[in-house]
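Peer 1: Below, each chain spelled out in residue letters.
There are 2 protein chains.
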Amino acid sequence: MSNSTWSQQILQLLRRMNNFYLPGSRRSECLRFEVNGAQVGWVPPHVASVLTRYPKVFCPPRRGALSLCPSWDSNETRSAAVDSVLRTERQEGSLTCLKGWRDEKYSVMPKFFDPPLMWMERAATSLFGVKRYGVHVNGYTIGNSGEVSMWLARRSLTKQTYPGLLDNVAAGGIAAGVSIKNTLVKECQEEACIPATLAEKACPVANVSYTYMDEEGVFAESQFVFDLELPLDFKPRAGDGEVQDFYLLPLDKVKELLATDDFKPNCAMVVLDFLIRHSFIDPDTEPCYQEFVAGLHQTL
Amino acid sequence: MSNSTWSQQILQLLRRMNNFYLPGSRRSECLRFEVNGAQVGWVPPHVASVLTRYPKVFCPPRRGALSLCPSWDSNETRSAAVDSVLRTERQEGSLTCLKGWRDEKYSVMPKFFDPPLMWMERAATSLFGVKRYGVHVNGYTIGNSGEVSMWLARRSLTKQTYPGLLDNVAAGGIAAGVSIKNTLVKECQEEACIPATLAEKACPVANVSYTYMDEEGVFAESQFVFDLELPLDFKPRAGDGEVQDFYLLPLDKVKELLATDDFKPNCAMVVLDFLIRHSFIDPDTEPCYQEFVAGLHQTL
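Heads up: the protein sequence lines correspond to chains A and B, in order. Take 769 as the starting number for the first sequence in our numbering and just add one per residue. Take 769 as the starting number for the second sequence in our numbering and just add one per residue.
You can trust all of the hints, since none of them are fake.
Just so you know, same-sequence chains aren't split out, so a pair can sit in one copy or run between any two.
The calculated DSS-like cross-link candidates involving lysine-lysine, where the alpha carbons are at most 30 angstroms apart (straight line), are: (1) Lys867 to Lys927; (2) Lys1021 to Lys879; (3) Lys879 to Lys1023; (4) Lys1021 to Lys969; (5) Lys927 to Lys1003; (6) Lys1032 to Lys879; (7) Lys1023 to Lys949; (8) Lys1023 to Lys969; (9) Lys954 to Lys1021; (10) Lys873 to Lys949; (11) Lys867 to Lys824; (12) Lys1021 to Lys1003; (13) Lys1032 to Lys949; (14) Lys969 to Lys873.
If you are wondering where the hints come from, they were derived from the structure by calculation, not from laboratory data.
My request is simple: use the sequences and hints to build the entire structure.
Peer 2: Rendered as structure tokens:
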């Protein structure tokens, strides 16, 4: 692949992952999702038309916003009211992403450190464009001659999302009430059998944020990125069945793969950020350097 | 200073440096500056009213845009026509930032790697909101026990901009036709007497972008950031009179200084990016981690 084809493929990836911000996106058709007067997401029109069938839970849309009825005035009551709607709709089957129900509770709040206003089933967050937070780990090695290689996971073919694609060595969503570091340690253990003593050496280095919209909903995501240098004699092993295999690849090969359909898109973004931070991309020869950096950090 | 005061000061810095994007900014009053049909900047109203006095050079504003007359159809003729207007206005004295005339030519283009449409005197770029590109170098040391310290420059009191404030060890704008790497090497030599053999070891690691507007104009800037580990026995020395002194400070002290008025604002942003990339900010205890990352990478 020529350098310029590579750059264009990466740019397309970043545009796709940020399509919510592009001129002409369907953002203008979405309603702001408000809880207790604060915006916490975006509701696409096909979801709004379902939710407004539950007038005891959601107020009729007003001034471009869909609000949770103010009578639900605590984290517990709000969460229970919305959960009940979602469980009903899960039976109805009209909102396809509820088929991926996980029984994982995600916090809903205007900003990461704000007190949560409610929690919501993970699979439903994209119906409300609620921001999801996660942790991604770049697991890498430095060879005896200084050459950097990266461990990549191949997702299991039975994963609900992106089956069979390349992934970071460990990654996962931050569930309600769990710290970033604890999520990191847990995912390292579960997904890659990286012991806690080793996982705890991971360094927080970045945040990668993006928002895309597809026919299912609005995916507003923010990933806390960690670098973890792994010993040369350590091999990650599949732990919980989410991964079918791990590969240790030279960084040149990883860079090439980034521009293919073989990578889970947000993991490709995390690796791109690694390549930039570790000087594997030269701003004097990469015409899109700035656009790459900008595309990794889009926020509303 | 408490942690939360520090965070709030940093957030304010980032908001100030990105005030062009804030709701209610004077961006809506600006005209797009277009050359050959492509937008290359933003012209504030007080500047537009001056420029429209030169109808042979600038077309009358139309549909929110101020365009260079299409009769100027080459880099050379466009540059000469605008330069002549600017030299006249420099005499008039109504556009204060022309008092800082530098005789440095900056390229004008829609994106960094695009072929330049014209060049413009550096001091005038903010009148047109033309994006300026620069290089900033984090010069740091790693002590024998692993402790990281950073070299900071104190700007000379005779500098036209930000006299007496703290600065990165070396930094400078990228002039027309000069590469990023060559700008880096030149600034390291001129400002800090860092020899080329050492400067060339600097690693490209990031890009920091922001746009602010003040009474003088629109400052749209994009800085290519390099990390340069300096030997423990190396001391930068003032070269060209732009710096009065250099200090080697422990990173905790540098972090504290970031939140004070003693730092040139864009240099504080570059150091903040260093602190994040090198894990000196913990996302589990810094509530504004994400906002910090987002604030360092704002683009139009």
